[in-house]
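Peer 1: Construct the complete structure from the given sequences, taking the supplied hints into account.
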Amino acid sequence: MEAAKMASPKSGPKDAQVMAQILKDMGITEYEPRVINQMLEFAYRYVTTILEDAKIYSGHAKKPSVDADDVRLAIQCRTDQAFTAPPPRDFLLDIARHKNQAPLPLIKPYSGPRLPPDRYCLTAPNYRLRALHRKVSSTAGRITVPRLSVGAVSSRPSTPTLGREQLQAL
Amino acid sequence: EALLGRGTGAAASAIGGSAAAVATSSPGGAAVAAVPPGKGGSAVWDAGVGAGSCLRVSAPAFCVCRFPLGGAVAVEDQPDVSAVLSAYNQQGDPTLYEEYYSGLKHFIECSLDCHRAELSQLFYPLFVHMYLELVYNQHESEAKSFFERFHGDQECYYQDDLRVLSSLTKKEHMKGNETMLDFRTSKFVLRISRDSYQLLKRHLQEKQNNQIWNIVQEHLYIDIFDGMPRSKQQIDAMVGSLAGEAKREANKAKVFFGLLKEPEFDVPLDDEDEEGENEEGKPKKKKPKKDNVGSKSKKQDPNAPPQNRIPLPELKDSDKLDKVMNMKEAARRVRLGPECLPSICFYTFLNAYQGLTAVDITDDSSMIVGGFADSTVRVWSVTPKKLRSVKTAADLSLIDKESDDVLERIMDEKTASELKILYGHSGPVYGTSFSPDRNYLLSCSEDGTVRLWSLQTFTCLVGYKGHNYPVWDTQFSPYGYYFVSGGHDRVARLWATDHYQPLRIFAGHLADVTCTRFHPNSNYIATGSADRTIRLWDVLNGNCVRIFTGHKGPIHSLAFSPNGRFLATGATDGRVLLWDIGHGLMVGELKGHTDTIYALRFSRDGEILASGSMDNTVRLWDAVKAFEDLETDDFTTATGHINLPENSQDLLLGTYMTKSTPVVHLHFTRRNLLLAAGAYSSQ
Chain E
1 MEAAKMASPK
11 SGPKDAQVMA
21 QILKDMGITE
31 YEPRVINQML
41 EFAYRYVTTI
51 LEDAKIYSGH
61 AKKPSVDADD
71 VRLAIQCRTD
81 QAFTAPPPRD
91 FLLDIARHKN
101 QAPLPLIKPY
111 SGPRLPPDRY
121 CLTAPNYRLR
131 ALHRKVSSTA
141 GRITVPRLSV
151 GAVSSRPSTP
161 TLGREQLQAL
Chain P
1 EALLGRGTGA
11 AASAIGGSAA
21 AVATSSPGGA
31 AVAAVPPGKG
41 GSAVWDAGVG
51 AGSCLRVSAP
61 AFCVCRFPLG
71 GAVAVEDQPD
81 VSAVLSAYNQ
91 QGDPTLYEEY
101 YSGLKHFIEC
111 SLDCHRAELS
121 QLFYPLFVHM
131 YLELVYNQHE
141 SEAKSFFERF
151 HGDQECYYQD
161 DLRVLSSLTK
171 KEHMKGNETM
181 LDFRTSKFVL
191 RISRDSYQLL
201 KRHLQEKQNN
211 QIWNIVQEHL
221 YIDIFDGMPR
231 SKQQIDAMVG
241 SLAGEAKREA
251 NKAKVFFGLL
261 KEPEFDVPLD
271 DEDEEGENEE
281 GKPKKKKPKK
291 DNVGSKSKKQ
301 DPNAPPQNRI
311 PLPELKDSDK
321 LDKVMNMKEA
331 ARRVRLGPEC
341 LPSICFYTFL
351 NAYQGLTAVD
361 ITDDSSMIVG
371 GFADSTVRVW
381 SVTPKKLRSV
391 KTAADLSLID
401 KESDDVLERI
411 MDEKTASELK
421 ILYGHSGPVY
431 GTSFSPDRNY
441 LLSCSEDGTV
451 RLWSLQTFTC
461 LVGYKGHNYP
471 VWDTQFSPYG
481 YYFVSGGHDR
491 VARLWATDHY
501 QPLRIFAGHL
511 ADVTCTRFHP
521 NSNYIATGSA
531 DRTIRLWDVL
541 NGNCVRIFTG
551 HKGPIHSLAF
561 SPNGRFLATG
571 ATDGRVLLWD
581 IGHGLMVGEL
591 KGHTDTIYAL
601 RFSRDGEILA
611 SGSMDNTVRL
621 WDAVKAFEDL
631 ETDDFTTATG
641 HINLPENSQD
651 LLLGTYMTKS
661 TPVVHLHFTR
671 RNLLLAAGAY
681 SSQ
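One line per chain: the protein sequences are E and P, in this order.
Here the first sequence stands for residues 1 to 170, where the numbers follow full-length UniProt numbering.
Here the second sequence stands for residues 1 to 683, where the numbers follow full-length UniProt numbering.
One or more hints might be untrue.
A short, non-exhaustive set of chain P residues, derived as facing chain E with CB atoms under 10 Å [to be verified]:
no., residue
1, L96
2, S186
3, C340
4, V545
5, V587
Which bits of chain P does chain E cover? Going by a derived footprint, with three or more residues having C-beta under 8 Å, they are [unchecked claim]:
no., stretch
6, 178-185
7, 190-200
8, 458-464
9, 535-543
10, 643-653
FYI, nobody ran anything at the bench for these hints, they're computed from the structure.
No residue lacks a Cβ here, since even glycine has one placed at the ideal position from N, Cα and C.
Peer 2: Below is the structure:
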């Protein structure tokens, strides 16, 4: 979809005109036309969620009607859940100082592909085949072929070296 | 020595940290304050005022407690004690803020020409701090009228910040905006000459209500220098960042900008008769001469870091073969210069529908990778040789392991193709980087992870989780093993491929880290940020060794020169700035582009700098001439400023326009052919 220069829709509903004006005030001049619809939908959902929460809070406090404090509380609670902000600067400086104190670890020579322990890699197979239970058949006519039941595949990662998967019988 | 005690538990509120500042001051005015990192408090002192140093503590903006903490506070002016104690209760009558500001404005406009430019630097930080003060103390109508009246007076390059400010009308708005909170708690640095400063101080202390003086002392750091006041043009070149300029002492640490010595090994002679035993594969490749290479190589470059300063992986046989190939190619390299410009080969991504967000090319120019907004990573082979992955385990068990060409046999011919698509990310891929040995590929994305892919199996090996916010850029170290990533959480992290947690965290930027690059000797990392500064970090201990200000927009491209001495940076303001790392100075400004510069690259021997931008052009600049020895004098050591000649036109060697393809990536092949990449956009 190509972004086009948008003039505020003159014949659109008032909400859409307000949204276009907001975008203009924030300095956004080029946007796809559907952006206004998406922003309006978001605004509607956000406001209704906040107001519902505020209603619950004011009901809990046994107030006759929803007032500004309830709305403020609702906004604060939702902000902590939905719109998380990056950690504050002093926290970052603190953990940075902590992390930077440790010397750089030495590198083991000749160790093949240098990857974290397998637990932290995405190299293990993320599936496991279920064991088949052999049913003992009483009818003599049926030829029972002993089946190889396949259990957990060996957890050795399939790295680009010449590794082999080994099938173990349960 | 005045020591401020750390706040007790009561002070450390649930959301804020405790304010503590430990400062030592030598008698006689040359105060040196070391602010411990990590605690939001900061101390300000009056460096230029003779005996007796003044220390004030400002608590972080979000700290609930209202009083400064700790022990002895030496206060210079007695009447201001009450002002200090009520630092966060009220900064004077809100209705009078407009008067204070216009009073200062009047004073500055009536001052002498030579001082006016320097004192005008005060307008912006004062305006923002006063506005934020009003908003924080919930005087909304006063804040609004204050903003309306004075926001038009500010410099044009602050307009984006002012727009963000205009949307912050309530105290609650400030809570979510980390950048503004950081701005409030960190000091805006101004460099002012002693004469101008004395003038300002005298004026502000004369008046009865010296609220502005309080704000100056609390929120601004004035780096005073002895010398001529700077002109408006000089100031304009250096300001623009969110935190003012850089303190001079921030750029005084020693930086080892030299290159690491290449290991010596035997180069097999072939029919081209290249030199054998003492061959040093220096990155500055010249045709191998037999006479003087040996003697030069024995001396240790004083500017180069010791070989084992940071642990680096040892060279494998495949790496040595690669270096031999590199040297052979270097011998056939074209020497570029103003007379001999490189040919440019442009790789256009078609049908990308504005989804191309990252590009990288291997060092030997054999593969090109694109990161896309649909969260895929696509790898193409540039040479006729197709991309092959290793056979499956079942097939591998069938091959003869003793044969000579086992390394070819393990590759699967049936699925060889020119293009391989890698799926795994759950958000647009904003950065990609090949490892120097071409075994691994890194990609970082909006989903907060950095993924390591194997280029032998074309599968994902590891996902490094650490940033919980979009990661804007990542790069492998020139020696492999380490990589750096920078993202929305305002830090850059150094990782090693075999550690699932970062090894170093580089915190200090006030806004997102948008661009991260390794120095050629892998001991330093440069990060460009949306707060319009570039910082150079030491990998060994995580310290910030250089801060470069001067850009007027977020930085999107960085390039180190091949000799390691210089750094070129490009931002949304369309300027390329050149920096001398050793001295910590801006040494050049290249004007010409009209839109964001997304790609910068030096040629292999550092003679040409190529820049690619959103304005659909590639420009070539003469790097040798730009870095010719510039005169430094007393003025430079005092102000940290070199008088830059207006020579952008002379340095521009060529402008090459694409039809409508913004240039996203530039790469010089080993023979100095310039490759460029971008996605065709049909507007």
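Peer 1: Now tell me if each hint is right for this structure.
Peer 2: Here is what the structure says about each hint:
At about 29 Å, the closest approach between the beta carbon of L96 (chain P) and any beta carbon in chain E exceeds 10 Å, and the interface hint on this residue is violated. At its closest, the beta carbon of S186 (chain P) sits 7 Å from a beta carbon of chain E; the interface hint therefore holds under the 10 Å criterion. Hint on C340 (chain P) is violated. Least Cβ distance to chain E is approximately 41 Å, over the 10 Å limit. Because the closest C-beta pair between V545 (chain P) and chain E is about 13 Å apart, greater than 10 Å, the hint is violated.
Given hint, V587 (chain P) at the interface with chain E, is violated; its Cβ is 30 Å from that chain's nearest Cβ, farther than 10 Å. For the stretch 178-185 of chain P, the assignment as covered by chain E holds, since 4 residues bring a beta-carbon within under 8 Å of that chain's beta-carbons and 3 suffice. Coverage of the stretch 190-200 of chain P by chain E is violated [criterion: at least 3 residues with CB-CB distance below 8 Å; count 0]. For the stretch 458-464 of chain P, the stated coverage by chain E is satisfied: 5 residues place a CB nearer than 8 Å to a CB of that chain, which reaches the threshold of 3.
With 5 residues bearing a CB less than 8 Å from a CB of chain E, the stretch 535-543 of chain P meets the requirement of three and the coverage assertion stands. Coverage of the stretch 643-653 of chain P by chain E is violated [criterion: at least 3 residues with CB-CB distance below 8 Å; count 0].
In this structure, the hints that do not hold are numbers 1, 3, 4, 5, 7, 10, in rising order.
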